[in-house]
Amino acid sequence: MKHAILGGLAAVAIAATLTGTALAADISGAGSTFIYPVFAKWADTYKTATGIGLNYQSIGSGGGIKQVEAKTVTFGATDKPLSDDELAKNGLVQFPMVMGGIVPIVNIDGVKPGDLVLDGKTLADLFLGKITSWDDPAIKALNPSLTLPATPVAIAHRSDGSGTTFNFTDYLSKESDDWKNDIGSDTAVEWPVGIGAKGSEGIANTVKQTVGAIGYVEYAYAKQNSLSYARMINAAGKTVEPNLDTFAAAGANADWAGAKNFNVIITNQPGDNTWPIAASTWVLIHAQPDKAAAAAEALKFFDWAYKSGKDQAKALDYVSIPDNVVALIEKTWSGIAADGKPVFTPAN
Amino acid sequence: MALSAGMLDDRTSGAARRSAQRVVVQDRLFYLLTLGSAALVVVLLLGVLVSLLIGAWPALSTFGPAFVWTQRWSPVKEIFGALAPIYGTLVTSLIAMIIGIPVSFGIAIFLTEICPQRLRRPIGTAIELLAGIPSIIYGLWGFFFLAPFLQSTVQPALIGSLGQLPLIGVLFGGAPYGIGLLTAGIILAIMVLPFITSITRDVFLTVPTLLRESAYGMGMTTWEVCWSIIIPYTRVGLVGGVMLGLGRALGETMAVTFVIGNSHNISPSLLAPATTISAAIANEFNEATGALYTSSLIALGLILFVITFAVLALAKWLLVRAEVK
Amino acid sequence: MSSYAARRTRNSVAMLLAIVAAVIGLVFLFLILATLLVKGFTAISPQMFLENTPPPGEDGGLLNAIVGSLAMTVIAIVVATPVGILAGTFLSEYSRGHWLGEAAKFVNDILLSAPSIIIGLFVYTVVVVPVGHFSAWAGAASLGLIALPVINRTTQDMLGLVPNALREAAAALGAPRWKSMVSVIYRAAMSGILTGVLLAIARVTGETAPLLFTALNNQFFSTDLGAPMANLPVVIFQFATSPYDDWQKLAWGGALLITVAILALNIVARWVAGRGNQR
Numbered sequence: 001m002k003h004a005i006l007g008g009l010a011a012v013a014i015a016a017t018l019t020g021t022a023l024a025a026d027i028s029g030a031g032s033t034f035i036y037p038v039f040a041k042w043a044d045t046y047k048t049a050t051g052i053g054l055n056y057q058s059i060g061s062g063g064g065i066k067q068v069e070a071k072t073v074t075f076g077a078t079d080k081p082l083s084d085d086e087l088a089k090n091g092l093v094q095f096p097m098v099m100g101g102i103v104p105i106v107n108i109d110g111v112k113p114g115d116l117v118l119d120g121k122t123l124a125d126l127f128l129g130k131i132t133s134w135d136d137p138a139i140k141a142l143n144p145s146l147t148l149p150a151t152p153v154a155i156a157h158r159s160d161g162s163g164t165t166f167n168f169t170d171y172l173s174k175e176s177d178d179w180k181n182d183i184g185s186d187t188a189v190e191w192p193v194g195i196g197a198k199g200s201e202g203i204a205n206t207v208k209q210t211v212g213a214i215g216y217v218e219y220a221y222a223k224q225n226s227l228s229y230a231r232m233i234n235a236a237g238k239t240v241e242p243n244l245d246t247f248a249a250a251g252a253n254a255d256w257a258g259a260k261n262f263n264v265i266i267t268n269q270p271g272d273n274t275w276p277i278a279a280s281t282w283v284l285i286h287a288q289p290d291k292a293a294a295a296a297e298a299l300k301f302f303d304w305a306y307k308s309g310k311d312q313a314k315a316l317d318y319v320s321i322p323d324n325v326v327a328l329i330e331k332t333w334s335g336i337a338a339d340g341k342p343v344f345t346p347a348n
Numbered sequence: 001m002a003l004s005a006g007m008l009d010d011r012t013s014g015a016a017r018r019s020a021q022r023v024v025v026q027d028r029l030f031y032l033l034t035l036g037s038a039a040l041v042v043v044l045l046l047g048v049l050v051s052l053l054i055g056a057w058p059a060l061s062t063f064g065p066a067f068v069w070t071q072r073w074s075p076v077k078e079i080f081g082a083l084a085p086i087y088g089t090l091v092t093s094l095i096a097m098i099i100g101i102p103v104s105f106g107i108a109i110f111l112t113e114i115c116p117q118r119l120r121r122p123i124g125t126a127i128e129l130l131a132g133i134p135s136i137i138y139g140l141w142g143f144f145f146l147a148p149f150l151q152s153t154v155q156p157a158l159i160g161s162l163g164q165l166p167l168i169g170v171l172f173g174g175a176p177y178g179i180g181l182l183t184a185g186i187i188l189a190i191m192v193l194p195f196i197t198s199i200t201r202d203v204f205l206t207v208p209t210l211l212r213e214s215a216y217g218m219g220m221t222t223w224e225v226c227w228s229i230i231i232p233y234t235r236v237g238l239v240g241g242v243m244l245g246l247g248r249a250l251g252e253t254m255a256v257t258f259v260i261g262n263s264h265n266i267s268p269s270l271l272a273p274a275t276t277i278s279a280a281i282a283n284e285f286n287e288a289t290g291a292l293y294t295s296s297l298i299a300l301g302l303i304l305f306v307i308t309f310a311v312l313a314l315a316k317w318l319l320v321r322a323e324v325k
Numbered sequence: 001m002s003s004y005a006a007r008r009t010r011n012s013v014a015m016l017l018a019i020v021a022a023v024i025g026l027v028f029l030f031l032i033l034a035t036l037l038v039k040g041f042t043a044i045s046p047q048m049f050l051e052n053t054p055p056p057g058e059d060g061g062l063l064n065a066i067v068g069s070l071a072m073t074v075i076a077i078v079v080a081t082p083v084g085i086l087a088g089t090f091l092s093e094y095s096r097g098h099w100l101g102e103a104a105k106f107v108n109d110i111l112l113s114a115p116s117i118i119i120g121l122f123v124y125t126v127v128v129v130p131v132g133h134f135s136a137w138a139g140a141a142s143l144g145l146i147a148l149p150v151i152n153r154t155t156q157d158m159l160g161l162v163p164n165a166l167r168e169a170a171a172a173l174g175a176p177r178w179k180s181m182v183s184v185i186y187r188a189a190m191s192g193i194l195t196g197v198l199l200a201i202a203r204v205t206g207e208t209a210p211l212l213f214t215a216l217n218n219q220f221f222s223t224d225l226g227a228p229m230a231n232l233p234v235v236i237f238q239f240a241t242s243p244y245d246d247w248q249k250l251a252w253g254g255a256l257l258i259t260v261a262i263l264a265l266n267i268v269a270r271w272v273a274g275r276g277n278q279r
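Chains as they are written, first to last, in this note's numbering: chain A, 1 to 348; chain B, 1 to 325; chain C, 1 to 279.
Hint data in this document are derived by calculation from the structure and do not stem from the laboratory. There's no promise every hint is true.
[As the list claims (entries may be wrong)] Simulated restraints, written as ranges between beta carbons of each label pair: (1) C/LEU31 <-> A/LYS260: 17 to 27 Å; (2) C/LEU31 <-> A/THR239: 57 to 67 Å; (3) C/PHE41 <-> A/LYS260: 53 to 63 Å; (4) A/LYS260 <-> B/GLY36: 31 to 41 Å; (5) C/ASP246 <-> A/ASP272: 12 to 22 Å; (6) C/PRO130 <-> A/ALA315: 36 to 46 Å; (7) B/TRP317 <-> C/PRO82: 29 to 39 Å; (8) B/PHE149 <-> A/THR239: 31 to 41 Å; (9) C/PRO130 <-> B/PRO122: 47 to 57 Å; (10) B/TRP227 <-> C/ASP246: 45 to 55 Å; (11) B/VAL68 <-> C/PRO130: 28 to 38 Å; (12) B/GLY36 <-> C/PRO163: 20 to 30 Å.
[Stated by the list, open to error] Result set (DSBU-like, lysine-lysine): computed pairs, CA atoms no more than 35 Å apart in a straight line: (13) B/LYS77 <-> A/LYS89; (14) A/LYS47 <-> C/LYS249; (15) B/LYS77 <-> A/LYS174; (16) B/LYS316 <-> A/LYS71; (17) A/LYS208 <-> A/LYS47; (18) A/LYS140 <-> A/LYS130; (19) A/LYS71 <-> C/LYS249; (20) A/LYS121 <-> B/LYS77; (21) A/LYS174 <-> A/LYS331; (22) A/LYS307 <-> A/LYS47.
Even glycine gets a Cβ: it sits at the ideal position worked out from N, Cα and C.
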């Protein structure tokens, strides 16, 4: 069986190298829906600039990890960093691509974007099913000037394995002991209540369709679809808006250089102007790729994205990785090699 | 064949014999070709079964038979139980049948007994054509139109009236999500409607005219003819048709995935989000991390296969019996 | 006479209920079609057929998905048709008393209504996993497996309708059995078999579940059968469950396109079958 699989892979690799030289193959990737809006934008621009497309399926971080491990795609993207052991076991390298913010989105009659204010404890109680109506005293206390209807709360959560879920539940665990003890944090958890939706796209759509709903998505989804997001009270006790500044304030706390395999979580960071549910997306790629040419094309694209994609990231309110960190990352790329040679060396 | 070749052997020249042998070989080849193709169909079904068994084995050996009746579905802790999807599959199909069967029978009676002759064919054809519409269309409509409609009007009314009653109140409790078991059941009912109606109508038409006319001649009313003559006469075929519809509802994926809500919690309320076997597979299979997770989803597929196999086999047996009669 | 009145009342009530059932059922089905037409027509434009699926927020069409669906359907049908016809021939002509015949007939009818998502799981384990990646081949394989029982079943039914006199006449002329099948019986049942193939195409066109984890999807135009390929049903699913208005619009356009194609195929199939019967 193993031989058959290896043989099959070898045949595919040969076929790929044969065709790879003949026509510029598209880069294939899968995973995080958190990063999808900016990947889609970058892919479009990159295709016009170079003729090489990026076929990225936003199937969720869990799917991205699975597909890259199974080698069905050249790279995976995840918002939950893999541990050193997991990386070593599958021969993967990981590095951050962008940072951004996760926002609670709501569909309540009369509540416009930014009207509603929530804190971590209340958000956890909503997702635990303890708060069932929008006129609950706990919510009223945070929003004294807002008229909240007695609409029942409909929770929308991810049904697929999701890095957004990981960061969101990580934040809730830091803020609520009940959440930490009963549910915990991971890419998929046992939700006590609510509707499961596929991908950030699914959550945004479900919230859009369902009166009384609350969900959580990367900010770009809220912005692109004019959904009502909530403001949050951060670790410093200040109420903050989700925007590039508050996301960047969270990202500024990240000590990329000091963390092995760039394993840094940036939820609930200190600072008056810090958005509490900030997250990063990592790219996963094999250190010994079967298809060197495909891996090289992917790295070339990432190099381009780091250096030329900043404005587009900014337009969608993603925080770019600082230049000094990019230099660190690209240094690690020398470890991505085939036949002892790095597959791609970025020009500086 | 053998006989004719033997006769030729005795009486004809060598050339004719060779040509006859060639024909025998060609016939044999053609026969084997058709036999092989038919065998392939059987092999295919066995292949599906075996591949599902192999794929499901890690999950089944880890959790044992308890896989079927435990509810916990935790990808984080790698604990999986199939009860919630099985429950959702059975309940949505049950709702579909409760709504779908009377309405289909009503349409079939309308088409065979009441409808003006001129309209029977066009309406009948239209319904048969509707049976071919892909299920994703029903899902699309359910998600964008039926669910919001149910959430804003029907469900609050149900919660306010039936939900307040003792005993059956729990069936209509909770918040109006719009999507959930009831919505999925209704969509399935609409989807199997053309299907069951076409079969029912065909089965009704097998009643001999003589029998029907004699009953009318005895002075029976249309309803009495339906209830006492047509339905008893076609009983077996009707059940077969219903079972075929049930088989469809049980295995339906796309129409349900849109509106079921994908929740692995079992709630007594019909308004609550739930999941079905096929919806769970469609939603989670590509994203499932870890061998046990994937295997558990394949085990769900195996359970679905066993359930639908039983239902379809029964349907087939009943329909064959109906034809024989 | 009161019992007569009661019977008449009961009859009126029952008939009224039957009419109500018919009206409700037809109204719902009509509503779905009407929604589809309204939503779909506003989405259909030349652009839909000329451009590929866009990233969110940009203009685009469904060209790659349409081409992908066509490619996979063609491969599926080209492979499934001969196998289906041959299997149907065995079951209708050769199988009397053969244990395999009974088994294959039964199995075929099960496959005919088996949940399509299970076919998807099967192809995933036997094609996608060993090869190591999603591909249009895998998508075509699962569609072929769905088309096969349809073609098999219609072939059986249609060959059964060919009068025995034709078989006897061919045999009396000294035609070998295979020759009489190919030149006489198939020809006589031609329109029926063609109907089966058309119905199989119609069935395959709307299948979504088996493509989810075989062909996957592709946001670009691709003719590489060894790679993931865009296809209409999965694009409709993905776009409809997204929050973007322009994606949802394209989903409705695609849905209308599929439905019209399937209805047209069904109508042509009926017409072909009807012509066959008249002869």
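Evaluation of the provided hints:
Separated by about 59 Å at the C-beta atoms, C/LEU31 and A/LYS260 break the suggested range of 17 to 27 Å. At roughly 46 Å, the beta carbons of C/LEU31 and A/THR239 sit outside the given window of 57 to 67 Å. Hint check: C/PHE41 to A/LYS260, Cβ distance near 57 Å, so the stated range 53 to 63 Å holds. One distance hint, 31 to 41 Å for the beta-carbon pair A/LYS260 and B/GLY36, is violated here, with the actual separation near 59 Å.
A C-beta distance of roughly 39 Å is found between C/ASP246 and A/ASP272, which places it outside the suggested range of 12 to 22 Å. For the pair C/PRO130 and A/ALA315, the supplied restraint of 36 to 46 Å holds, since their beta-carbon distance comes to about 43 Å. A C-beta distance of roughly 30 Å is found between B/TRP317 and C/PRO82, which places it inside the suggested range of 29 to 39 Å. The hinted range of 31 to 41 Å is satisfied by B/PHE149 and A/THR239, whose Cβ atoms lie roughly 37 Å apart.
The beta-carbon spacing between C/PRO130 and B/PRO122, approximately 50 Å, falls within the hinted interval of 47 to 57 Å. Checking the proposed 45 to 55 Å range against B/TRP227 and C/ASP246 shows it holds: the Cβ atoms sit about 54 Å from each other. Our hint of 28 to 38 Å for B/VAL68 and C/PRO130 holds, since their Cβ atoms are close to 29 Å apart. Distance hint for B/GLY36 and C/PRO163: a CB-CB separation of about 28 Å, consistent with the stated range 20 to 30 Å.
Distance check on the hinted pair: B/LYS77 and A/LYS89 sit about 20 Å apart at the alpha-carbon level, within 35 Å; holds. With a CA separation close to 25 Å, the supplied pair A/LYS47 and C/LYS249 stays within the 35 Å bound. Between B/LYS77 and A/LYS174, the direct Cα distance comes to roughly 20 Å. Compliance with the 35 Å bound is thereby established for this hinted pair. Straight-line distance between C-alpha atoms of B/LYS316 and A/LYS71 comes to about 43 Å, which puts the hinted pair past the 35 Å bound.
A C-alpha spacing of about 32 Å is found between A/LYS208 and A/LYS47, which places the hinted pair at or below 35 Å, so the restraint holds. With a CA separation close to 15 Å, the supplied pair A/LYS140 and A/LYS130 stays within the 35 Å bound. A hinted pair counts as satisfied when its Cα atoms are at most 35 Å apart, and A/LYS71 with C/LYS249 qualifies at roughly 34 Å. About 25 Å separates the Cα atoms of A/LYS121 and B/LYS77, which keeps this hinted pair within 35 Å; it holds.
Taking the CA atoms of A/LYS174 and A/LYS331, the gap is about 34 Å. The hint holds against a cut of 35 Å. Of the supplied pair hints, the one linking A/LYS307 and A/LYS47 holds, its CA atoms being roughly 16 Å apart against a limit of 35 Å.
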